[in-house]
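Using the sequences and the hints given, assemble the complete structure.
Chains as they are written, first to last, in my numbering: chain E, 1 to 192; chain A, 1 to 983.
Any given hint might turn out to be false.
[As the list claims (entries may be wrong)] Quick partial rundown of chain E residues pointing at chain A, CB under 8 Å, derived from the structure: (1) SER37; (2) CYS41; (3) LEU60; (4) ALA73; (5) PHE77; (6) ARG78.
[To be verified] Pairs of lysine-lysine, DSS-like flavour, derived with a Cα cap of 27 Å: (7) A:LYS32 - E:LYS94; (8) E:LYS35 - A:LYS119; (9) A:LYS639 - E:LYS4; (10) A:LYS319 - A:LYS432; (11) E:LYS24 - A:LYS82; (12) E:LYS4 - A:LYS82; (13) E:LYS51 - E:LYS17; (14) A:LYS704 - A:LYS236.
[Claimed, not checked] Label-pair ranges, simulated between beta-carbon atoms: (15) A:GLU30 - E:LYS11: 44 to 52 Å; (16) A:LYS168 - E:GLY14: 44 to 52 Å; (17) A:GLU383 - E:HIS105: 58 to 66 Å.
Simulated from the structure, these hints should not be mistaken for laboratory data.
Where is the CB? At the ideal position from N, CA and C, for every residue including glycine.
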Amino acid sequence: MEKKIVSDFAKYLGAAKVKVASEKNGVIVEVGGKKFSGFVCGVLNLVRLQKQSLEGSTVLQRCLTHDWLTQCATDLFRCSTYEELNSNLHYIDKELLTRTYLCGHMVTAADVIMFLILYPFVAKWTYQQKEILRLKFQSVLPSQRRTVTSFSSSSRRTLTLLQITFDTLQGIRVPYRRTVFEYFTMVFCCSE
Amino acid sequence: MKLRASKGHPDGLKVLIAAAVSGHTVAVVEEKGTTPVIFEVTEGNTVAHLHANSAVLYLVHSSSLGNNEIEELLQWEATELKPILLPYLASVASGREDKTLRSSLQGLLAKLGNGNQLKCEQENGASIVLFSSLLPLLWEASGRSLLEEFPSLVAFLNTLQEMEHFKKSVYLWYGSGEFTLKPWALQLPTPPSPSNCTLNLLKGEPSSPSKTGAPGTSADQAKRVAISAEQISAAKTSWQNLPKGTNAPVKKVPVLPVDGETNILITASLPYVNNVPHLGNIIGCVLSGDCFARFCRLRGDNVLYICGTDEYGTATETKAIAEGLTPQQICDKYFAVHSEVYKWFNIQFDYFGRTTTDLQTKITQDIFWDLQRNGVISQDSVEQLHCGKCNRFLADRFVEGTCPNVGCGYEDARGDQCDGCGKLVNAVELIKPRCKLCSSPPSVKSSNHLFLDLPKIEKGYLPWLGTASKNWSNNAKVICESWCRDGLKSRCITRDLKWGTPVPLDGFKDKVFYVWFDAPIGYVSITANYTSEWEKWWKNPSQVKYYEFMAKDNVPFHGVVFPSVLIGTKQNWTMVSNILATEFLNYEDGKFSKSRGVGVFGDQAMNTGIPSDIFRFYLLFVRPESQDTTFSWVDFQLKNNSELLNNLGNFVHRSLSFVFKFFKSAIPEAHPTESDYQVMAAINVELEQYYSAMCANRQRDGLKSILAITKIGNQYIQENEPYKLIKPDRTEEDKKRGATVIALAANIAALVSIILEPYMPDTSKKIKSYLNDPSVLNSLPSAFSCFLPAGHAIQEPKPLITQLDDDTIKKLFEEFRGQAPEKKVADPAEVAKMEARVAEQGNKVRELKTSGTAGKDAIAAEVAMLLKLKEELAAMKGEEPASSGKDKKKKGGNTGKKESNVSAPSSKPETPAASNPAEVDHLQALVTEQGNRVRELKGKEGTSKEAIAAEVAKLLDLKNQLALAQGIDPATLNSKDKKKKKK
Numbered sequence: 001m002e003k004k005i006v007s008d009f010a011k012y013l014g015a016a017k018v019k020v021a022s023e024k025n026g027v028i029v030e031v032g033g034k035k036f037s038g039f040v041c042g043v044l045n046l047v048r049l050q051k052q053s054l055e056g057s058t059v060l061q062r063c064l065t066h067d068w069l070t071q072c073a074t075d076l077f078r079c080s081t082y083e084e085l086n087s088n089l090h091y092i093d094k095e096l097l098t099r100t101y102l103c104g105h106m107v108t109a110a111d112v113i114m115f116l117i118l119y120p121f122v123a124k125w126t127y128q129q130k131e132i133l134r135l136k137f138q139s140v141l142p143s144q145r146r147t148v149t150s151f152s153s154s155s156r157r158t159l160t161l162l163q164i165t166f167d168t169l170q171g172i173r174v175p176y177r178r179t180v181f182e183y184f185t186m187v188f189c190c191s192e
Numbered sequence: 001m002k003l004r005a006s007k008g009h010p011d012g013l014k015v016l017i018a019a020a021v022s023g024h025t026v027a028v029v030e031e032k033g034t035t036p037v038i039f040e041v042t043e044g045n046t047v048a049h050l051h052a053n054s055a056v057l058y059l060v061h062s063s064s065l066g067n068n069e070i071e072e073l074l075q076w077e078a079t080e081l082k083p084i085l086l087p088y089l090a091s092v093a094s095g096r097e098d099k100t101l102r103s104s105l106q107g108l109l110a111k112l113g114n115g116n117q118l119k120c121e122q123e124n125g126a127s128i129v130l131f132s133s134l135l136p137l138l139w140e141a142s143g144r145s146l147l148e149e150f151p152s153l154v155a156f157l158n159t160l161q162e163m164e165h166f167k168k169s170v171y172l173w174y175g176s177g178e179f180t181l182k183p184w185a186l187q188l189p190t191p192p193s194p195s196n197c198t199l200n201l202l203k204g205e206p207s208s209p210s211k212t213g214a215p216g217t218s219a220d221q222a223k224r225v226a227i228s229a230e231q232i233s234a235a236k237t238s239w240q241n242l243p244k245g246t247n248a249p250v251k252k253v254p255v256l257p258v259d260g261e262t263n264i265l266i267t268a269s270l271p272y273v274n275n276v277p278h279l280g281n282i283i284g285c286v287l288s289g290d291c292f293a294r295f296c297r298l299r300g301d302n303v304l305y306i307c308g309t310d311e312y313g314t315a316t317e318t319k320a321i322a323e324g325l326t327p328q329q330i331c332d333k334y335f336a337v338h339s340e341v342y343k344w345f346n347i348q349f350d351y352f353g354r355t356t357t358d359l360q361t362k363i364t365q366d367i368f369w370d371l372q373r374n375g376v377i378s379q380d381s382v383e384q385l386h387c388g389k390c391n392r393f394l395a396d397r398f399v400e401g402t403c404p405n406v407g408c409g410y411e412d413a414r415g416d417q418c419d420g421c422g423k424l425v426n427a428v429e430l431i432k433p434r435c436k437l438c439s440s441p442p443s444v445k446s447s448n449h450l451f452l453d454l455p456k457i458e459k460g461y462l463p464w465l466g467t468a469s470k471n472w473s474n475n476a477k478v479i480c481e482s483w484c485r486d487g488l489k490s491r492c493i494t495r496d497l498k499w500g501t502p503v504p505l506d507g508f509k510d511k512v513f514y515v516w517f518d519a520p521i522g523y524v525s526i527t528a529n530y531t532s533e534w535e536k537w538w539k540n541p542s543q544v545k546y547y548e549f550m551a552k553d554n555v556p557f558h559g560v561v562f563p564s565v566l567i568g569t570k571q572n573w574t575m576v577s578n579i580l581a582t583e584f585l586n587y588e589d590g591k592f593s594k595s596r597g598v599g600v601f602g603d604q605a606m607n608t609g610i611p612s613d614i615f616r617f618y619l620l621f622v623r624p625e626s627q628d629t630t631f632s633w634v635d636f637q638l639k640n641n642s643e644l645l646n647n648l649g650n651f652v653h654r655s656l657s658f659v660f661k662f663f664k665s666a667i668p669e670a671h672p673t674e675s676d677y678q679v680m681a682a683i684n685v686e687l688e689q690y691y692s693a694m695c696a697n698r699q700r701d702g703l704k705s706i707l708a709i710t711k712i713g714n715q716y717i718q719e720n721e722p723y724k725l726i727k728p729d730r731t732e733e734d735k736k737r738g739a740t741v742i743a744l745a746a747n748i749a750a751l752v753s754i755i756l757e758p759y760m761p762d763t764s765k766k767i768k769s770y771l772n773d774p775s776v777l778n779s780l781p782s783a784f785s786c787f788l789p790a791g792h793a794i795q796e797p798k799p800l801i802t803q804l805d806d807d808t809i810k811k812l813f814e815e816f817r818g819q820a821p822e823k824k825v826a827d828p829a830e831v832a833k834m835e836a837r838v839a840e841q842g843n844k845v846r847e848l849k850t851s852g853t854a855g856k857d858a859i860a861a862e863v864a865m866l867l868k869l870k871e872e873l874a875a876m877k878g879e880e881p882a883s884s885g886k887d888k889k890k891k892g893g894n895t896g897k898k899e900s901n902v903s904a905p906s907s908k909p910e911t912p913a914a915s916n917p918a919e920v921d922h923l924q925a926l927v928t929e930q931g932n933r934v935r936e937l938k939g940k941e942g943t944s945k946e947a948i949a950a951e952v953a954k955l956l957d958l959k960n961q962l963a964l965a966q967g968i969d970p971a972t973l974n975s976k977d978k979k980k981k982k983k
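Have a look at this one:
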């Protein structure tokens, strides 16, 4: 899973000459002649070499990015049941309550990674599920949306956000392109 | 800064040390339970939460953040060490040291102890983190003995422990005296195991690495893990119990309800006769209804599927005038067109009738008399414009005049709305009104009309709605409920027209019923034309379940008005049990439009050379079930080539070819093993989903299940490679196995032929014919079974699906994108002259704009001139005006001036204010459409103000865009002289 996400991420960056390999203790990212092992360090160094701005601009933002990446590696990647995944989503949901992006007011690598992780799940939803979500979302006024009781199977906010993302994405044929991500972030903004 | 942590958690110590080292003060908030340690920082007015390691980085960032060596150690600690160390500490604390964990830990520590990565520096994130994590190992004998195998580690811990900040923090966190694990180690949450993988959830695989599956198991096998032993044994039983064949049901005509059977009455909303239906109309009602009807027949229900053309009304009259025919001739002409289109699409109506019949008049009038008798019909007078020359009352749309709204004065305002100012207009208030047909001034006449007194029926209707709507599609329910929210209002049910069902009441005999009053009654009268025993269907609510299919715009009349009428008669009518309303299907970037020639219409689909089954498949695949969807040629091609050809078609063809080629066209003997039963069980899971999706009219999901089954089939062949197993040089065992796989695959193809029938009847028939039409394939099985016994002979299979190549699709895309006026060969000299004029005018406009002195009106006039010239030029060149604006999507409100001008049709230098006639036309059409929608909404009772406001906002936005596209500053829109030059 780490390898897939890191490879997708490298694609997103448009980074050429990046090798992602999977070893016993996790991924190895080879970029610019240097090797970095592990998901967190791999992604961080990719960002630092390719698009510094995605790490965040302040110390706090950079540490938040580090924190989310670590969270992904230790928890979000390692769910064995949907209940575990849901509790992770609840945490994300709660954090998003007070800000636009995961690490504050700008897009960071954490947002991109989160999208890449969750997208396969959204893509699997049946139309029925989406309809239920959509109606749940529409049936309340924007000002009340936050207080709606959480959707039973998972955290409402994250799902709502992904639901809209998915709707926005439907017309786009190649996943994981820049434009897709722009939609995603736009949705992040809209749902705020 | 705050630290939220449960007491004693090593992560808490990390933060305290880092804070001490960096000279920060941290308030500790003690948390109960197993919540993770969280460090809270407030910067500006945002509060951020960090977990321990990131918090350490934050506090000692100057030395550690961005230091790869340190970050790697932190990562190692979080992702590798902790998942082992924390459970190990817990096991030690409980007094039963876990030896497996101990040895894993040993391996990890060895890596750490042997390297020289450890630095005894206070201000070093890695030192802080590792120290805090490992320290508790020193406290119990077993942990200490483990650590002592790595002297460098012990030295590391001891050195740091004596350092000022570390010492103080340890004291602060754990107190003094005896250190012990007990109070906290047992409460630690267990970190998730590194061997779990969240993505496996998608495969339905309970991620348990302990399962000793052979390495490299495919995703398919993973899928089968989720199948329980019961499911496998059920699959075994159903495989061995051959279903009994039912002979192809002999269709009794007429179909009538049978006592004790499931009797299902299905109607699709009656298409309006005066137009050819487009693909959106087709999927909206008749095709969705057909898919369900076929499914019901397949499962053995007694089904009557009724539809017909809706032929009365103003629109037919006008169309007749336009084509110079009588209304009846128009109806006859288009009725034939409709019948042919539906026949081509394989819509299997039991009867496709029409509303211009004697029985329609009789039944409508009977219902009216019932209503009249029950006192739910009232009278009122209505003021209307009447054209003396045409001797007819004018429907709102057929009056034009000067807009009465103050400050507008637009001369071509219509009777319902002014396109100049966008405001609603009351037809009788128009200044200088004129009849749209003959242009003579109409007079105001008041005329008496009949009203259906819905408030009186409401008491009976609302409770019915409450129970009935439970089975309706969500949009239908929501629309009806919103209609009822403010109470129902009386509705006028008569019109001053000639082409309609005559009103039988004295004093109203020169009027007809409003088409929406009598159109749903068409379902009844069409049934009556089909069988004289129609009341067995329509007055039999206890035995008949009634399903109505329609697009959402028809919901109010089917969900509110028609049921109210039936309730108002106080007769024992069969009421609708399920309303299945779809959203809308769009075409490529816009909407289907007959007038602009955009989109595929039924008769055109027939001429594309693509089989109707492919259209059925794609339309059902994108059925607008919960939101508007889009017909797109590229997607159409993609779905055909990937889902149909590569997946379904390929599977069926391959599996039958094996039988035909290798076994002399007879199904071989099957000896299924456990893994085969697993495949069967997986198919049964999909089959159940298919069944429940179809019962609930989730037709997209039903189709998905079919494709999932053929996918399983393909994987099954791929994994077992039966064509290799049966080679002459293989062992008997292998050959037997190969035969089993091929027999099973052929049986899966047989199953597909059954369940595909509601979607692709012709293709289903073809597969069945290759299988020699065994009777067992005539009804829906409850589970996968041995449909084709060993020895059953089959025919030579032919490829089922044809590939759609890029050229064909491109051609079709071009063909249906919009009007292409006939090409004239233009005189090159004339063209050149015109081009010069356009360029000149373009320059003039540019100059005016940049000069900054010209008035907006002056610019607008010049722009209009430029536009006209360009249009002429385009016409001269025989260019398709629609083409240049095609790639431009309409966007939200912020379409800037620049954006709407990017593609000017001429190859001349870009003129900033140059507008594009195609875009203008397109927007004009959108404005008109939106205008109609607003009018419709306003005309309807019960539409909420917000809904109208939203639509009006859209309209205004479109108008702004239009103005921009025309090169007019929208700000001038409200000034007096912005007369639009309508062509």
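Comparing the hints with the structure gives:
With a least beta-carbon distance of about 7 Å to chain A, the hint placing SER37 of chain E at the interface is held under the 8 Å criterion. Interface hint status for CYS41 of chain E: upheld, as the beta-carbon distance to the closest one in chain A is roughly 5 Å, under 8 Å. At about 5 Å, the closest approach between the beta carbon of LEU60 of chain E and any beta carbon in chain A falls short of 8 Å, and the interface hint on this residue holds. For ALA73 of chain E, the interface hint holds, since its Cβ comes within 8 Å of a Cβ in chain A; the closest pair sits about 5 Å apart.
Below 8 Å, beta-carbon pairs count as interface contacts, and PHE77 of chain E has one with chain A at about 6 Å; its hint therefore holds. With a least beta-carbon distance of about 4 Å to chain A, the hint placing ARG78 of chain E at the interface is held under the 8 Å criterion. About 19 Å separates the Cα atoms of LYS32 of chain A and LYS94 of chain E, which keeps this hinted pair within 27 Å; it holds. Taking the CA atoms of LYS35 of chain E and LYS119 of chain A, the gap is about 22 Å. The hint holds against a cut of 27 Å.
As the CA atoms of LYS639 of chain A and LYS4 of chain E are separated by approximately 26 Å, the hinted pair is consistent with the 27 Å bound. Restraint check for LYS319 of chain A and LYS432 of chain A: satisfied, since their Cα atoms lie roughly 26 Å apart, inside the 27 Å limit. Restraint check for LYS24 of chain E and LYS82 of chain A: the C-alpha separation of about 17 Å stays at or below 27 Å, so the hint holds. Taking the CA atoms of LYS4 of chain E and LYS82 of chain A, the gap is about 24 Å. The hint holds against a cut of 27 Å.
Taking the CA atoms of LYS51 of chain E and LYS17 of chain E, the gap is about 15 Å. The hint holds against a cut of 27 Å. Annotation: proposed proximity of LYS704 of chain A to LYS236 of chain A holds, straight-line Cα distance about 25 Å (limit 27 Å). Taking 44 to 52 Å as the suggested C-beta distance range, the pair GLU30 of chain A and LYS11 of chain E conforms, at roughly 45 Å. The given range of 44 to 52 Å is respected by LYS168 of chain A and GLY14 of chain E, whose C-beta atoms sit roughly 49 Å from each other.
Our hint of 58 to 66 Å for GLU383 of chain A and HIS105 of chain E holds, since their Cβ atoms are close to 60 Å apart.
In summary, the structure agrees with every hint in the numbered list given earlier.
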